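There are 4 protein chains.
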Amino acid sequence: MSTPSALFSDLLTSITERGRSLIGLKSAVGDGMPQAASLIERCEAVLSGRGEASGTALATEVILRYGALDAVDRLTFFKALLHRFGPDQDKLARIAKAWLAEKSDAVAADLHFTSEPRRQELLRRLNRAPGGTRALVAMRADLVATVKTDKDLAAVDRDFAHLLASWFNRGFLVLRRIDWSTPAIVLEKIIRYEAVHEISDFPSLRLRIDPPDRRCYGFFHPALIDEPLIFVEVALTDAMPGAIGPLLDGERKAVSPDKAKTAVFYSISNCQKGLAGISFGNFLIKQVVEDLRREFPKLETFVTLSPVPGFSRWLKSANLAHLSVEDRQLVAKLEHKTWIDEPGLPERMKRVIEPLALTYFLAAKRDDGRPVDPVANFHLGNGARLERINWLGDISAKGLRDGAGLMVNYLYNLDDIEKNHEAFANNAEIVVSNALKKLVKADARGRPAEAVGR
Amino acid sequence: MSTPSALFSDLLTSITERGRSLIGLKSAVGDGMPQAASLIERCEAVLSGRGEASGTALATEVILRYGALDAVDRLTFFKALLHRFGPDQDKLARIAKAWLAEKSDAVAADLHFTSEPRRQELLRRLNRAPGGTRALVAMRADLVATVKTDKDLAAVDRDFAHLLASWFNRGFLVLRRIDWSTPAIVLEKIIRYEAVHEISDFPSLRLRIDPPDRRCYGFFHPALIDEPLIFVEVALTDAMPGAIGPLLDGERKAVSPDKAKTAVFYSISNCQKGLAGISFGNFLIKQVVEDLRREFPKLETFVTLSPVPGFSRWLKSANLAHLSVEDRQLVAKLEHKTWIDEPGLPERMKRVIEPLALTYFLAAKRDDGRPVDPVANFHLGNGARLERINWLGDISAKGLRDGAGLMVNYLYNLDDIEKNHEAFANNAEIVVSNALKKLVKADARGRPAEAVGR
Amino acid sequence: MSTPSALFSDLLTSITERGRSLIGLKSAVGDGMPQAASLIERCEAVLSGRGEASGTALATEVILRYGALDAVDRLTFFKALLHRFGPDQDKLARIAKAWLAEKSDAVAADLHFTSEPRRQELLRRLNRAPGGTRALVAMRADLVATVKTDKDLAAVDRDFAHLLASWFNRGFLVLRRIDWSTPAIVLEKIIRYEAVHEISDFPSLRLRIDPPDRRCYGFFHPALIDEPLIFVEVALTDAMPGAIGPLLDGERKAVSPDKAKTAVFYSISNCQKGLAGISFGNFLIKQVVEDLRREFPKLETFVTLSPVPGFSRWLKSANLAHLSVEDRQLVAKLEHKTWIDEPGLPERMKRVIEPLALTYFLAAKRDDGRPVDPVANFHLGNGARLERINWLGDISAKGLRDGAGLMVNYLYNLDDIEKNHEAFANNAEIVVSNALKKLVKADARGRPAEAVGR
Amino acid sequence: MSTPSALFSDLLTSITERGRSLIGLKSAVGDGMPQAASLIERCEAVLSGRGEASGTALATEVILRYGALDAVDRLTFFKALLHRFGPDQDKLARIAKAWLAEKSDAVAADLHFTSEPRRQELLRRLNRAPGGTRALVAMRADLVATVKTDKDLAAVDRDFAHLLASWFNRGFLVLRRIDWSTPAIVLEKIIRYEAVHEISDFPSLRLRIDPPDRRCYGFFHPALIDEPLIFVEVALTDAMPGAIGPLLDGERKAVSPDKAKTAVFYSISNCQKGLAGISFGNFLIKQVVEDLRREFPKLETFVTLSPVPGFSRWLKSANLAHLSVEDRQLVAKLEHKTWIDEPGLPERMKRVIEPLALTYFLAAKRDDGRPVDPVANFHLGNGARLERINWLGDISAKGLRDGAGLMVNYLYNLDDIEKNHEAFANNAEIVVSNALKKLVKADARGRPAEAVGR
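So the protein lines, in turn, are chains A, B, C and D.
According to the working numbering, the stretch in the first sequence is residues 665 to 1118, in order.
According to the working numbering, the stretch in the second sequence is residues 665 to 1118, in order.
According to the working numbering, the stretch in the third sequence is residues 665 to 1118, in order.
According to the working numbering, the stretch in the fourth sequence is residues 665 to 1118, in order.
Only chain A is shown next, with the shape it has when bound in the complex:
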């Protein structure tokens, strides 16, 4: 039996119909499409009283016209957002002075609202159009690409990011399971957006989402119902796995999910370039952990099986002076694509590479003091701990190229998450498992202290 769901069926239909009518409009826009100038003029109209009166018609027109711009006109449009749709400078100067003179709460509020660029209100009004949110996310994707070369557009991007972060607040997101009963229009995007372990086609996708010991969950926003924002693939297993190959093997024997002890998060992918910089992963993992615990009370361990995307690059420039000549030769073997197939060689390399990996995780830092490895940064920042380093965890071409075949487990223990996070955020401390602590100590005994990390 289920929760009655009267209330949402309509939602869908209306939203979809509005989406369809939008498509209808799109096709209706003629060939003689106006340029950026005329678009900007219409944006002014959207902000005027006419915009109020017209309901959503003017906003819809702007969105459709934007969609027909070429790259040059788009740049002109973004520049106009920067220069013409900023705050009212005269008024802002007046209020800023007033506030500096008398720092009251009321004038502070005035200062904030007066300093708001007009483009923020423009974006809010454009969002009123059917399909508006989708269009603004697409516009932001264009902007993100543009701002790389036109740095002064960063101020515009900041406004987009601010509004989108507010609108895509976790409170508005909905977690949905993605399985073989999910509409193809969504599944197709899972295939397209998978960023960690490639999915080639629908039959391959099915192996990830249909077996009883496999799960996939994504966050969706009601205004973008057929677009996953982020999704995670989960395997239910007996024990913490050390390699991705057996996990993805279509011939493996399925574990009964009721008996599984471990949930493995083995792939997390962001989907929307237009939502770059807005973080969903932390919430997604925690929600999925909660939901899985409720559904399968026997689950004890929540852990990732993660790539180490920056290891090979780091290794190339790392100081390996503390290694013996022989060990350095073993490291150099990584450059040869065939080392993995050379009998006995991988076993010998393990002894050398694993301590280097430890150093990589614990001592290799960016300028801001956080780990070089982006995946480590994400999970440690979420409050996970570094649990295990797995030699030969990913022997795919990509795995060998980027991570020397290594994979890592990060452990999510809900009781420790806040503590781990605080240690990481405040003191840049990386919490590791006892087993890794021992490895660190053993390694430290064998080589110069400065290479060991903290």
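No lab work stands behind these hints: they were computed from the structure.
Each hint should be verified, as a subset may be incorrect.
It does not matter which identical chain is used: a pair holds within one copy or between any two.
Straight-line Cα separation of at most 20 Å, SDA-like style, residue types lysine to any residue; simulated pairs [claimed, not checked]:
#1 K925 - G1045
#2 K1029 - G1045
#3 K853 - S868
#4 K1062 - P910
#5 K761 - V1039
#6 K853 - L871
#7 K767 - K815
#8 K937 - L888
#9 K812 - A770
#10 K1062 - V771
#11 K755 - V771
#12 K755 - A770
#13 K1083 - E716
#14 K767 - K917
#15 K755 - S768
#16 K767 - D816
#17 K743 - A770
#18 K1029 - A1092
#19 K925 - D1079
Predicted, not measured: the structure shown is a model, and the values here were computed from it.
Dock chains B, C and D against the given chain A, drawing on the hints supplied.
Okay, now just chains B, C and D, sitting in the frame of chain A:
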């Protein structure tokens, strides 16, 4: 056949379950509930790194604790939002000066984001909790009541209003038909929120939503699925009606909706005190007009049947010097509750009251130059025109008391809406029907010019 | 999170639209409605090749025309079903003789299909029309009423009952929870169909379905989506209740459903007169027991709180010779409506009435050897056991009138259900609780054996 | 906006969960699975009182045990259904004699119900189990395969077919559009079941269902929600097409569906072997025609583009004596796979083959007087008319092999359907277009009358 709606069914369930678990939490909160001080401390935690790490747990706790505050503690909490959760004043002063010195786009952006009170981010983080949006709307309702006596809280209210307006952007709202297949939990609220022509119980409600010539539509937000934000009741009729009584008569003969020429908007009610000041009515009416036109291509006229809530009050203080003594006596009859039953009297009064009503609509202005009548203000502001004044349109106790029994039709002609709105917004011009224009002229001939209005 | 439900949303819309178009057709049927004769002729057409070709149009017409018949024409129509739409007698005679001559499987099959009255195929073809199932259930309701006076129509009714029982097979029914989120169109019918403890209006209904310790479940058929077939009301309680009053008390303190030990089935109502004789209750109770056990693992006891509708009637004609004069006077008090209010009287009567109730349940039998009490018959036939007799269990006017204020608990213990059922079905044995067994023994000692029952 | 669909969301969830729990049960059935004998014993129990008492548990067990039988045991089981679960012969003999003696309506009814084999009630009771309908359809598929070699099982198959036809009555079916928002679990089956023009994978499927000028519709039964029963693929085009290649071309330019004049049914596939002999196609086409007409009022022509699967076979044994030697050589060219590529040859063959195709359609008859061509039989039986014969309509390997590259259009004109059907059904008359009539006449002039057909 229908649009496939795979995508939303999940949405509902997840949202509902999150709502239910919230209720579960609510009941779990013990008796020894902490006061405002401890709540404020937790708000600080929500804004700290801990808030990031804990997912939504801390935010949920704040929301539950807020719900247990009494009025005194709520005031303390709101004051803390004002004083402790404003912007960083030192930083703001620095940036304000920098901007005054050099008005670059980038610094302007800094100024805007630096001036944002910390409470805005707090509210965004609270919204992450299950049921967070609902809780914040309820909190705003408390605040709206509180700010009436504590005016300095207006700065806090401005932040709530700003965020809620952004979140309840029309682009996120969903129009749903409300009929006899709608869940009772929603219908119950229609009964409760109806603000124009009272609905006593479910059987009375049914007469408004179930007959084939009656429609009801509401806007809903996905995060508040069982809460209408605003709704409108519509009658499909042959001709433009002049009185509410026959329209609501349960014994009337239903018109076949396929043959109806006229759609009458006879009741519009806002539902959420926590969303006060955020306007949905304009969008609602226009969307319903569009949808009805698509469904019933024979509909020609979209018109309201509206009350005149300020007429009686205005009449009491109006200058009636241009009237004859006899006419003034007729006006005075309105004070007697029984005039309506006195044979022949209503007919005689009509001749006197109708021109006064015209004056009321066309000449009675607030300080800002807009009409005194709030309903007129709303519809004229939406671009409707004043179409007809109906003597004895509403002879209920309330109708007689507030509007001397008058009702008014405002006409929504989609082709004229922008033009009408501009005339009204820019020049305070009230567009009236030709019939009313003639009445104005006739009336003007009979009395001093200054009373006639523009 | 939930199961994706893409697949059914469409179902609804299509079904509903077909229903609506049916209504459309209904209103389109003119005044000059043809009589039974013309209807019968069209039924022949439905069975002919034309019926095949026309899709569902002819069937739809028959259904609409039937709906416009008056009682006299309906009788004519039913008689025609009996006489004109029976089997092909000549062919049947031939096959019957053939089978009697040589009893092969193949000819037996021929005999069965040849003996099928043509009206069965007619009904199957009428069912093809939009809204056909609904219409046939309504037709059967007419027939059930008619057959009471026209016994020879029983053969027609047997065909209706046979087809409807096959179509409303439990495998096609769907159990749905009914709560405050259920559409009003369904709730309205719960109010109307409640047959045990009257529900006066929506607010009263809400007390039965909305509190956390109250549940209501119904069976629905996909072709009759807004029509409950049968529903049961359940209270979650600490202990087995003895009286209905406190259970229905709107002021009672709700039990936390997670802590409840007992689920009480206190009202079961059949809804469709057109499905008379098709039994759903057995399946409903067992399904609800299963579902509740899954949802609330702490539930230990599944029990009814049932009326004793035949007790008063039985008592009037019962042989009370074994009672003392005084006791007989106490029994006679039941005729006075005020006995319940007489101080001390109810307590004194209990001693006399309770043993009589035991006799009623254990010894009062119909001609077929089954208990006189219809409710007992139902639950004992389902495999429940007679658990407890509650004096003053229902002191409503109806409860006092029909059952002398008594109520009974029947216990559903899933482990014993088959055993109990077999004992009841094969040996007419009534399984009772140990406590009642003792009462039986105690009672037996005090009076002549022949009154005690088995 | 949409129809509220509260009512069905639950349906899905319950049905699905019951389905899942069934799967759960399936996997729980141990290795030491009992044979046919023990299964038959349990079938007896299902028919006994125990079956009544156990709810659906026993039925579920039978279904699971059946699923574990091997082919030998399945045959034993089917034979038992034939011999042990027939009617009660003694009683049947008694009633048959009684009816032959006195042919009353009541005894006729007794005869019908007494002659019902016990297996019918067994099947109805098995259907009560969760997933029962699905299991019975699968069982019938086994039976259909078995009865080919064991003809005496036809009597059992007749009962299955009878019950399934009643349960899959068109009134219980739901038409659903199948598009890119349809769950993958359904789309996968469309790929698998497509029987006319093969679909290789999901991207190919998308070209059939996703473009705006392509539609796909299927019938579904509520008890088999993820299983299409039959589906039809439709192209919206300007004009009646003569070849399948351009229709399926992924590079073609899409027609705006609002402007399309013609709807082309170019593929109809039955999906369920277990429902063999139960006809859905007639209803499907007529429903889709109705729905498309409502959605696209500009559609004027509803036509098929159909294969001619029996032409090549017929041609091999056809009497071609009336042809010239040269023409017979042209016909013989069909045996060479390369004729289609030989410049000028196809054009020359057309003149010879087309008249032969006319003869095939109009004169080649089965023993029952109906056309040899199964597709012609289906559409003509539905009331369509033979509209056009298209030389080189399908030059795929299959099209060339089976139909010599021909395709045919059948026209569905709703106004003529009954008339056409009657002519075909009663007089075996094949209605053809005027253009074809002329061809017939022209052809008749050129050759002996007996080859022309009617």
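**Homo-oligomer pair classification [S868, K853; C-alpha up to 20 Å]** = Classified as both: same-chain Cα gap 14 Å, cross-chain 17 Å, threshold 20 Å.
**Intra/inter-copy verdict for K937 and L888 if alpha-carbon distance must be at most 20 Å** = The answer is within: 14 Å in one copy meets 20 Å, while 28 Å across copies does not.
**Status of L871 relative to K853 across identical chains (alpha carbons, at most 20 Å)** = Result: close both inside a copy and across copies, 16 Å intra and 17 Å inter.
**Message:** Cα distance capped at 20 Å. Does K755 pair with V771 within a copy, between copies, both, or neither?
**Reply:** For K755 and V771, both the intra-copy (12 Å) and inter-copy (16 Å) Cα distances are at most 20 Å.
**Message:** Regarding K767 and K815, is the shortest C-alpha distance of 20 Å or less found within a copy, between copies, in both, or in neither?
**Reply:** between (33 Å within a copy, 17 Å between copies)
**Request:** Indicate which option fits the pair K743, A770 if close means a Cα-Cα distance not exceeding 20 Å: within, between, both or neither.
**Result:** between (33 Å within a copy, 13 Å between copies)
**Message:** For K925 and G1045, with the copy left unspecified, which applies at a CA distance of at most 20 Å: within, between, both, or neither?
**Reply:** neither (25 Å within a copy, 44 Å between copies)
**Request:** Evaluate K761 and V1039 at a C-alpha cut-off of 20 Å and name the case that applies: within, between, both or neither.
**Result:** neither (46 Å within a copy, 40 Å between copies)
**Request:** Check K1062 against P910 for me: Cα-Cα at most 20 Å, and say if that holds within a copy, between copies, both or neither.
**Result:** within (16 Å within a copy, 42 Å between copies)
**Request:** State whether the alpha carbon distance between K925 and D1079 is at most 20 Å within one copy, between copies, both, or neither.
**Result:** Result: close within a single copy only, 18 Å intra versus 32 Å inter.
**Message:** Reference check for the pair K1083 and E716, CA-CA at most 20 Å: within, between, both, or neither?
**Reply:** The answer is between: 12 Å across copies meets 20 Å, while 50 Å in one copy does not.
**Request:** Indicate which option fits the pair K1062, V771 if close means a Cα-Cα distance not exceeding 20 Å: within, between, both or neither.
**Result:** neither (56 Å within a copy, 43 Å between copies)
Checked against the numbered hints given earlier, this structure breaks hints 1, 5, 10 and 14; the rest are met.
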